[in-house]
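Peer 1: Protein sequences appear in the order of chains A and B.
Letter 245 of the first sequence, counting from 1, is numbered 245 in the working numbering, and no numbers are missing.
Letter 157 of the second sequence, counting from 1, is numbered 157 in the working numbering, and no numbers are missing.
There's no promise every hint is true.
With a Cα cut of at most 27 Å, we get these calculated BS3-like pairs of lysine-lysine [unchecked claim]: (1) Lys-124/A - Lys-2/B; (2) Lys-206/A - Lys-211/B; (3) Lys-147/B - Lys-97/A; (4) Lys-91/A - Lys-113/A; (5) Lys-91/A - Lys-2/B; (6) Lys-91/A - Lys-17/B; (7) Lys-105/A - Lys-124/A; (8) Lys-17/B - Lys-105/A; (9) Lys-2/B - Lys-148/A; (10) Lys-125/A - Lys-211/B; (11) Lys-91/A - Lys-124/A; (12) Lys-124/A - Lys-211/B.
No lab work stands behind these hints, which were simulated from the structure alone.
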Amino acid sequence: MNAIETRGLTKRYEGFTLDGLDLTLPAGCIMGLVGENGAGKSTTIRLLLGLTRADGGSATVLGVPAGPHMRNVKQDIGVVLDDVGFPAGLKAGQIAKIMAAAYEKWDQALFEKYLRDLDIPTDKKFSALSRGNRMKLGIAAAMSHDAKLLILDEPTGGLDPVVRDEVVGLFSDFTRDPARSILISSHIVSDLEKLCDYIAFLHKGKLLLCEEKDRLLEEYGLIQCAREELDKLAPGAVRGRRETPYHVEALVRRDAVPAGMEVRPVTIEELFVLLVKEDMQ
Amino acid sequence: MKALFLADLYQLWINFKFYGGFLLVALGITAFSSGDNNLGTFFPMYAVLMCSMMGMSLLQLDEASHWNVCAQTLPCTRRDQVTGKYAVTMVSFAVTWVPFVLLYAVLAAMGRMTWEMMAVQSVLLLVMGLLAPAFSLAPLFRWGSAKGRVIYIAVVILIAAGLGGSTAAVAIMGQISLPALPLPLLAALAVAIPVALFIGSWALAVRWYEKRDL
Numbered sequence: 001m002n003a004i005e006t007r008g009l010t011k012r013y014e015g016f017t018l019d020g021l022d023l024t025l026p027a028g029c030i031m032g033l034v035g036e037n038g039a040g041k042s043t044t045i046r047l048l049l050g051l052t053r054a055d056g057g058s059a060t061v062l063g064v065p066a067g068p069h070m071r072n073v074k075q076d077i078g079v080v081l082d083d084v085g086f087p088a089g090l091k092a093g094q095i096a097k098i099m100a101a102a103y104e105k106w107d108q109a110l111f112e113k114y115l116r117d118l119d120i121p122t123d124k125k126f127s128a129l130s131r132g133n134r135m136k137l138g139i140a141a142a143m144s145h146d147a148k149l150l151i152l153d154e155p156t157g158g159l160d161p162v163v164r165d166e167v168v169g170l171f172s173d174f175t176r177d178p179a180r181s182i183l184i185s186s187h188i189v190s191d192l193e194k195l196c197d198y199i200a201f202l203h204k205g206k207l208l209l210c211e212e213k214d215r216l217l218e219e220y221g222l223i224q225c226a227r228e229e230l231d232k233l234a235p236g237a238v239r240g241r242r243e244t245p246y247h248v249e250a251l252v253r254r255d256a257v258p259a260g261m262e263v264r265p266v267t268i269e270e271l272f273v274l275l276v277k278e279d280m281q
Numbered sequence: 001m002k003a004l005f006l007a008d009l010y011q012l013w014i015n016f017k018f019y020g021g022f023l024l025v026a027l028g029i030t031a032f033s034s035g036d037n038n039l040g041t042f043f044p045m046y047a048v049l050m051c052s053m054m055g056m057s058l059l060q061l062d063e064a065s066h067w068n069v070c071a072q073t074l075p076c077t078r079r080d081q082v083t084g085k086y087a088v089t090m091v092s093f094a095v096t097w098v099p100f101v102l103l104y105a106v107l108a109a110m111g112r113m114t115w116e117m118m119a120v121q122s123v124l125l126l127v128m129g130l131l132a133p134a135f136s137l138a139p140l141f142r143w144g145s146a147k148g149r150v151i152y153i154a155v156v157i158l159i160a161a162g163l164g165g166s167t168a169a170v171a172i173m174g175q176i177s178l179p180a181l182p183l184p185l186l187a188a189l190a191v192a193i194p195v196a197l198f199i200g201s202w203a204l205a206v207r208w209y210e211k212r213d214l
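With the rest of the complex left out, here is chain B:
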């Protein structure tokens, strides 16, 4: 398990080291355009989407180099392999999400956005970051990267559509209050559902991958 994680970290560094620069740029643009809802939402969403897809990209790289097969000759199980990819996805997501949440908190403290808006944006990023891999990783483990790519593309399209929708939603939510349910409860629900889907996706991926012929 540790070996697989180490291999993934090496792969992340080799293939995605540009991402650190992109993240800084995205944070900068978000900091200076927080008054503009479109820019202030698009860049964080894009960064989160990109990092949450890194687990999938690593899986595709593994299959291209046949490391996914070679790794199964090491002292690890299919479950370990799946868990490793979900863990890497969580780590890369956290590396993006946490700085944005901190930035939103600073902006809220400076009075450049409301605390409610900060909470909504943070939750939206969390939802987006968990839903994309939740829907994409399990099919990739089941059918491999060639067939699973179709689902990967479908998810990217859906998420892109979601980005547009969420940008509009944020704009609307910034102007109206939600009387029916208190914001903390809404936020808890919005977090709980993607988290449950992410965990369910992991369990399904383990089950599917254990049945797959490599």
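One chain only, chain A, in its complex shape:
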């Protein structure tokens, strides 16, 4: 069973359309949603959680159609939204009691371990916590009820690099159980590169690419050459370019580049930036 599946998922707002999104996240895998601001990452996550109604297409989460009527399946989903929204006046202990009442498999000891490990203040009201601590509290709550699927919208935003690394490690540990999956959106592509099995690039509401990360890194590479050399390459070989007065840096398909041409590895961030720039041209 796939953890998440969308087919032709569409949502229209004034000035923005999430256009026929087809995504599949196999169980046991981690998928990163990459995209610029307003690309449709949060809209996708909100549609999956039934916070927003789709204008077309379909989505299933852990085999259940996504929508506002989902209830039981949410026992198996942990969620961190970009704006963690616990009631302002509550402290961590009170939030834990609410979570314990909500989730059948709430693990209080695990939650307290996360509070200690992530150094989250327990004596402050939620409204008095920094953005980073709010996010950490949201992550601790999402991971303390034995979820099968984590849906995370910019969960590392506002965290310092050390804590970010720690949190990425927690997510990685989470998927050691092969039945567990993660869908994570982030601007911090380096985090996704460390973590994800699959990468989906969203740009202006459209899915540019959705592939296994390792395959993407194998398939694509970067070359530096003169513009004339680039023009000689087979059509379709070049997927993006960045021009300077001295040379052109191009994202290419390795299999379409002549033997002998030096192709250096590409990072997911470079891949995304060059793909988006090409699409904008």
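Given chain A, put chain B in place with the hints provided.
Peer 2: Chain B in isolation, oriented as in the chain A frame:
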């Protein structure tokens, strides 16, 4: 559902714990001014109005902290969320209404008000306590607290006008008898209509909230 209710109870305690003191003061003033129809009616009405608006206030707090969205990621539905707010409204209303009814009964037993007057006052409080949220909660669920606040304010104005009217009505009813319909039947009608409106409001709020993008 239990989790949402617990969150609401925490919020009530944190934000409205002053209300217990206010209720005691209102009960005291009503007890000692039962001969004065204006004071004897105004304070109970004001207390009931205040507590019946607590569900709306909680909804506004939820939206301000984005808890309304976060709560929808828990194992609950929109219907549960709406039902929780109506339930909290009923609980906070009951916490106010029951002590006033008991006080009226004591005053009637002591001969400081008639039993008919006690029934009329109790029913009026019930009507006021149910009508205010019945008209205000559903629009808040449909349009959110920013737009719904306009309706909230309109209801407060209408209820305030109603308070004045009902005070006068009580004064008049204390002096005249109503020959057309027996008092129990009038009371039953006066209760049945707001109860029906309250239930209808809940159903409408569920329907509207399920269609709303959060």
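Peer 1: Is the straight-line distance between the alpha-carbon of Lys-91/A and that of Lys-17/B 27 Å or less?
Peer 2: 17 Å, holds
Peer 1: Taken at face value, is the distance from the CA of Lys-2/B to the CA of Lys-124/A at most 27 Å?
Peer 2: 24 Å, holds
Peer 1: Are Lys-147/B and Lys-97/A close enough, with their CA atoms no more than 27 Å apart?
Peer 2: 32 Å, violated
Peer 1: Between Lys-91/A and Lys-2/B, is the straight-line Cα distance small enough, at 27 Å or below?
Peer 2: 18 Å, holds
Peer 1: What's the verdict on Lys-91/A and Lys-124/A, does the C-alpha distance respect the 27 Å limit or exceed it?
Peer 2: 6 Å, holds
Peer 1: Please verify whether Lys-125/A and Lys-211/B have alpha carbons no more than 27 Å apart.
Peer 2: 32 Å, violated
Peer 1: Between Lys-91/A and Lys-113/A, does the CA-CA distance stay at or below 27 Å?
Peer 2: Status holds; Cα separation ~16 Å.
Peer 1: Lys-124/A and Lys-211/B were given as a pair; does the straight-line alpha-carbon distance stay at or below 27 Å?
Peer 2: 36 Å, violated
Peer 1: Would you mind confirming whether the straight-line C-alpha gap from Lys-17/B to Lys-105/A stays at or under 27 Å?
Peer 2: 32 Å, violated
Peer 1: So if I understand the rule, the pair passes when the alpha-carbon distance is 27 Å or less; does Lys-105/A with Lys-124/A pass?
Peer 2: 26 Å, holds
Peer 1: Sort out whether Lys-148/A lies within 27 Å of Lys-2/B, counting only the CA atoms.
Peer 2: Roughly 23 Å between the alpha carbons, so the hint for Lys-2/B and Lys-148/A holds.
Peer 1: Lys-206/A and Lys-211/B: Cα distance at most 27 Å?
Peer 2: 25 Å, holds
Hints 3, 8, 10 and 12, counting from the list given before, are not met by this structure.
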